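Visitor: What follows is each chain in one-letter form.
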Amino acid sequence: MADLQSPLGAAYTPGNHGNAAGGAGVTLQERTNVSLVQVTAWSSTIPTVLTAIGSATGVIIQNKPGNGRVAGEKSVFGFAPGRFMVTSATPDIEQRLRAAISPELGTIVVLTHGRTVIRVSGSRVEWVLAKLFAIDFSAHAFPVGAGRATLHHDIHTLIQRINEETFDLYVFRTFARSFWKTLGHAAEEVGYRVE
Amino acid sequence: MTSWRLPQGGRIDRAKSIGFTFDDKAYSGHPGDTLASALLANGITLFGRSFKYHRPRGLLAAGSDEPNALVTIISGDVREPNVRATELEIYDGLVVRSQNRFPSLEYDFMAVNQLAGPLLSAGFYYKTFMGPAIGPLRSTRFWMFCERFIRRAAGLGKAGTAADPDRYERMNAFCDVLVVGSGPAGLIAAEAAAATGARIIIAEERPVAGGALLASSETIDGRPPAVWAREKAEALASLPNVRFLTRTSVWGYYDGNVLTAVEHVSDHKPNRTIGQPRQRHWVIRTGKTILATGAFERPIVFPGNDCPGVMLADAVRRFAMEYGVGTGKNVTFFTNNDSAYDAARTLALTGTNITAIIDVRSDVSGTCTNIAKAIGAELLVGYAVTGTHAGKSLSSVTVQHFNAQTGRLSGAPREIKTDCLGVSGGWSPAIHLASQAGGKPEWDEDLQAFLAPEPNQNWVVTGSAAGYMDTISVLSDAATKGSAKTRPVLPQVEAPMFDSSPAPIFEIEPAGKSQKAFVDFQHDVTASDIRLAYREGFHSVEHLKRYTTLGMATDQGKTSNVPGLAIMADVRGISIPAAGTTRFRAPFTPVSMGVIAGERYGDLRPHRLTPMHDWHIANGAKTYEAGLWHRPMIYRSHGETVEQAYTREARAVRESVGIVDVSTLGKIDIQGPDAAEFLDRIYTNMFSTLPVGKARYGLMLREDGIAFDDGTTWRLGETQFLMTTTTANAGPVMQHLEYYLDCVWPDLRVHLTSVTDVWAGAALSGPKSRAVLETCVTGTKVDNNALPFMGIVQGHIGDIPVMICRLSFSGELAYEIYSGAGHGTQVWEALIAAGKQFNIVPYGLEALGTLRIEKGHVTGAEIDGRTTAHDLHLDWMLSKKKPFIGSAMIDRAGLKNEHRLSLVGLISLDNQSINGGSHIVSDKAPREPADSFGHVTAACYSPALGKYVALALVKHGTSMIGKRVFATDLLRDKHGAVEIVSHHMFDKDGSRMHG
Amino acid sequence: MIIKCPYCGPRDVIEYTYQGDATRTRPDAASTDQNLWNAYIYDRTNPAKSHREFWLHSGGCRQHLIVTRDMSTHMISSVAFSRDNKNVGDQR
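Protein chains in written order, with my numbering: chain S, 1 to 195; chain X, 1 to 995; chain U, 1 to 92.
These are calculated hints, taken from the structure and not from any lab test. It is possible that part of the hints are untrue.
Claimed, not checked - So the derived list for chain X, only partly shown, Cβ under 10 angstroms to chain U, looks like this: (1) 258; (2) 746; (3) 958.
Stated by the list, open to error - Derived DSS-like pairs: lysine-lysine, alpha-carbon spacing no greater than 25 angstroms straight-line: (4) X:694 / X:881; (5) X:988 / X:947; (6) X:924 / X:955; (7) X:963 / X:947; (8) X:947 / U:49; (9) X:694 / X:955; (10) S:64 / U:4; (11) X:392 / X:516; (12) X:440 / U:49; (13) X:25 / S:181; (14) X:694 / X:781; (15) X:694 / X:988.
Remember, predicted model here, so these are calculated numbers, not experimental data. The C-beta atom is built at its ideal place from N, Cα and C for all residues, glycine as well.
With the hints as extra help, turn the sequences into a complete structure.
Guide: Below is the structure:
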């Protein structure tokens with residue numbers, strides 16, 4: 001099948017930007033070829049669904065608000081009661097989840113086309129993201145693997161911490177170009193590199 | 001008054017020079033100077049003209065409380081008015097102008113206002129310009145007429161008109177403890193809090209830490225206090241759990257321990273690095289707040305107290321100690337408390353001659369008399385200043401015996417030669433933030449000042465802000481309040497012992513004629529204005545404020561509130577706390593609009609773009625904004641007008657085939673065992689009976705029976721539906737559905753997900769649309785059997801999976817083709833290619849609107865929050881078999897009233913366009929006011945009918961069909977005859993779309 | 001103002017959408033009692049004391065919350081998921 005077209009268009013300009021003379025403070029990148037599947041459990045089936053996600057992906061997370069894990073090219077995180085984002089580099093993840101989760105356990109919505117994943121990493125990542133989101137990015141408040149649902153202006157965003165200095169931002173596709181420009185603008189102060 | 005650079009002292013870097021311009025003249029100063037200190041060092045003592053009377057004014061204060069020295073920074077076409085010279089750090093190339101003077105500071109024409117002094121008293125403008133009771137300029141109209149002339153005479157600096165080129169940012173911060181202020185209290189409290197490992201933010205308004213210690217001549221741990229403070233601040237800043245923000249004013253305290261601050265990131269720099277903001281707006285959410293905000297010295301109100309050279313005692317000291325600037329060769333102090341003695345003592349150490357100390361009290365302590373003796377100053381106990389004398393600035397003051405008990409002056413006036421008078425009327429703790437947080441300040445008799453109230457959020461006040469006025473008790477209070485767990489080792493302080501309690505003297509009021517005595521310097525409010533306000537019945541402090549404008553200037557009365565209140569209490573014969581106080585409001589200090597807006601300026605909203613956006617632009621689309629969306633309005637061919645373009649596009653749809661981007665429609669994935677039941681309750685019509693693979697048009701009402709939204713919902717599986725909503729209502733519908741699931745029917749097992757962004761949608765409309773699909777779709781048939789009206793099929797275009805639903809908004813044979821958004825452009829281009837042989841035309845919103853107006857299909861213009869299903873002729877959709885949201889209310893008399901507006905069509909009888917929003921009237925000629933009995937909701941030229949047509953909501957709707965009326969738009973000067981027709985203006989039986 | 005979402009934790013009020021009075025109960029859907037429906041749809045109290053309100057965490061987990069808030073001080077005494085609350089909803 002044809003590749004997915006990026007929503008960023010001409011706004012995606014690889015190279016160094018902003019005050020990058022002393023090295024880029026952050027690196028921005030659009031994650032492509034990643035399948036995004038939302039799984040939502042009924043209120044009584046959350047532990048069962050987590051087990052099912054574990055068996056389908058090999059990634060097991062705890063039944064706690066915002067809990068999540070990153071395992072290689074796969075990741076899972078919760079961002080609302082009973083609601084989880086499951087991502088994988090392999091598109092068969094949808095079939096595996098559908099096989100494991102019946103409508104009696106929960107529902108599945110494929111969001112690959114609907115959300116754009118932007119990876120932000122670097123030593124100044126917390127500083128840059130704090131300009132856009134009113135949530136606490138410090139490591140003790142937002143541990144590695146964890147997920148958050150929040151807002152930048154009108155743009156609803158899911159965020160997962162990949163490691164100490166890396167976050168994945170899931171934005172609605174139709175807002176992605178506007179958000180990308182805003183993110184670049186915010187990162188100019190510390191300099192940024194587009195991969 | 002004479003001013004000059006002292007041979008030593010201050011935290012300025014004398015090795016380096018900075019050049020700047022003030023009123024077109026070049027001056028130089030040093031790094032560390034403010035504009036105020038640098039100008040003083042250059043002998044400049046006149047800083048501005050006063051607000052109302054244009055009196056010459058010098059400096060009163062040395063910090064954020066300065067009311068007089070407001071200047072305008074000029075940078076090319078950009079000007080920033082009303083910047084306090086006492087806070088503006090100079091940099092190379094800085095250009096500044098003084099304000100409110102013409103033609104120059106020294107000679108000001110408007111100073112004639114002084115001669116009219118008695119006329120310009122409180123309320124003068126309101127009384128004089130109220131205007132006659134009748135006539136064209138009656139009452140407020142006259143005021144509005146005069147106001148623009150008055151504004152020219154009175155006022156602060158002028159705002160510029162050029163766009164602000166600077167960058168501003170917003171920053172979100174979280175901490176366990178926020179310490180506001182880094183004077184002795186802030187430093188020790190922060191040290192205690194930081195030792196617990198908690199996350200600390202320290203916000204300091206000034207460029208360096210230290211607060212009052214910067215101008216102190218005490219010793220702390222054997223070192224000058226400024227040195228001790230610097231070391232302490234450096235140690236704190238180096239801790240990993242501490243963020244130390246300088247040049248950062250905390251200006252707002254909000255619910256939930258949220259505080260706002262402005263950081264002046266590069267205001268003090270001649271150049272900025274790439275991406276560096278000028279100012280940064282911090283929004284700080286903190287667990288606990290420590291308010292170590294210090295105290296402001298108050299002036300005493302006495303005749304002639306605004307003469308340049310009359311300053312706050314502490315300001316005299318600060319200019320000498322912090323900036324190495326002398327403000328007088330022979331300095332005199334006038335006080336009601338001990339703190340002026342410390343100022344005098346400190347100033348004497350810089351080599352300044354102290355002429356006299358004038359104290360209103362009848363008796364002073366041994367410490368005070370010893371200081372006076374030691375520095376060789378004449379001590380006048382039981383005296384008060386009753387006047388000032390000046391050429392261009394202060395040359396002498398008049399003093400008289402003063403009885404602090406009775407407030408009476410007696411004896412012969414005596415003149416004391418002096419060129420600088422340092423005044424101290426006691427200290428007001430800076431409780432602004434605590435007051436903003438919601439508490440009512442409490443009067444402290446001992447300090448003659450308001451103290452912060454009991455905390456209503458998690459905050460503490462410490463140091464002089466809490467009423468501790470000497471360094472030792474400030475430090476020990478801060479050590480206790482910083483943390484309950486740790487207590488830092490307190491340093492050794494060597495300082496004279498003073499009494500912090502002032503005499504309750506706020507004003508010196510000679511009997512008989514005297515000079516003006518100012519209370520609010522920035523708004524030119526005098527003591528006699530307050531008495532006048534009282535005589536005219538404005539007794540409450542809130543009325544007093546508004547009538548006299550006392551304390552309402554940009555300094556929010558930092559120096560004037562308490563003296564003003566004291567005078568009002570005095571005339572009313574009540575105590576100060578009984579007279580009341582005013583609640584402080586944000587901002588604590590003036591904050592630029594730019595920094596509050598942050599990045600949200602210019603293009604305020606994010607752009608929302610469909611997957612095919614770039615194709616539209618590349619193919620000549622002229623777009624407009626629909627909510628956040630940017631959508632094609634028309635695709636303009638060479639030389640076409642908008643009307644020509646949409647007419648061509650709409651005609652192509654009726655004649656052959658057109659394609660329009662409908663990706664913006666709201667799309668909600670609805671899944672779960674109870675999904676069908678849920679939709680039955682939400683929609684007015686039945687959805688549980690809808691077979692899988694079919695779509696149905698649905699209408700939802702609000703709970704009160706008014707129409708809310710419409711759209712089609714597709715049954716994709718037994719437990720899965722795809723709901724579409726109007727573009728504008730996608731968000732509100734989602735919220736509506738979530739509300740009912742969460743709050744009303746929590747037992748229904750249904751999940752909702754917004755999938756608007758998942759799908760790209762293209763609507764193919766026109767008699768040839770099926771032929772286009774037959775050319776390019778594989779994997780499914782699309783003939784009338786396989787894909788009947790409201791049917792859904794899955795297939796492929798190229799190798800891309802698509803979902804096709806046959807439904808029509810245009811009234812033609814039409815299909816909506818949905819694909820994954822990432823494939824939207826490819827599918828769109830494939831459809832265009834397949835349609836080439838049928839001369840397919842892409843069409844925009846204008847043509848889309850035209851097609852639906854011809855058909856009488858409703859949108860948000862008609863579903864406007866006032867209309868019912870009945871009004872819109874959609875009552876056939878109201879199921880009688882089940883209750884639904886709104887069903888209980890639709891039969892109310894008011895909603896079935898025959899006088900209601902209902903939907904009709906209009907056809908222009910004079911072949912003129914009809915304006916949207918026009919009123920429907922019966923008058924042949926335009927008339928104002930006219931009796932309107934309806935309005936136009938949408939209008940266009942209809943290529944199918946060859947006429948200008950419109951949809952309208954008209955009283956008695958259907959029964960008016962065939963009547964000739966007029967559509968009038970007085971604002972746009974349009975009035976024309978129209979005939980009322982059925983809203984189904986084209987293809988009434990729908991044969992085209994079912995064909 | 002900050003509302004502490006039971007799922008997302010404390011968040012600024014800008015993330016939330018006010019969704020009305022949470023003290024009322026929707027009449028039975030089949031009811032045709034106009035007085036009952038009128039009261040449900042239009043009658044509101046505005047007490048200068050503790051009050052229950054619906055807030056949708058629209059900029060977060062998108063759950064409706066029941067927030068108990070003092071209308072005169074803005075102090076929030078409790079926040080709970082609306083779904084866990086059994087006192088609302090019609091009784092069908």
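Visitor: All hints, please: hold or fail.
Guide: Now the hints, each set against the structure:
| no. | hint | result |
| --- | --- | --- |
| 1 | 258 | holds, 6 angstroms |
| 2 | 746 | holds, 5 angstroms |
| 3 | 958 | violated, 27 angstroms |
| 4 | X:694 / X:881 | holds, 21 angstroms |
| 5 | X:988 / X:947 | holds, 17 angstroms |
| 6 | X:924 / X:955 | holds, 18 angstroms |
| 7 | X:963 / X:947 | holds, 17 angstroms |
| 8 | X:947 / U:49 | violated, 61 angstroms |
| 9 | X:694 / X:955 | violated, 37 angstroms |
| 10 | S:64 / U:4 | holds, 16 angstroms |
| 11 | X:392 / X:516 | holds, 17 angstroms |
| 12 | X:440 / U:49 | holds, 19 angstroms |
| 13 | X:25 / S:181 | violated, 43 angstroms |
| 14 | X:694 / X:781 | holds, 15 angstroms |
| 15 | X:694 / X:988 | holds, 24 angstroms |
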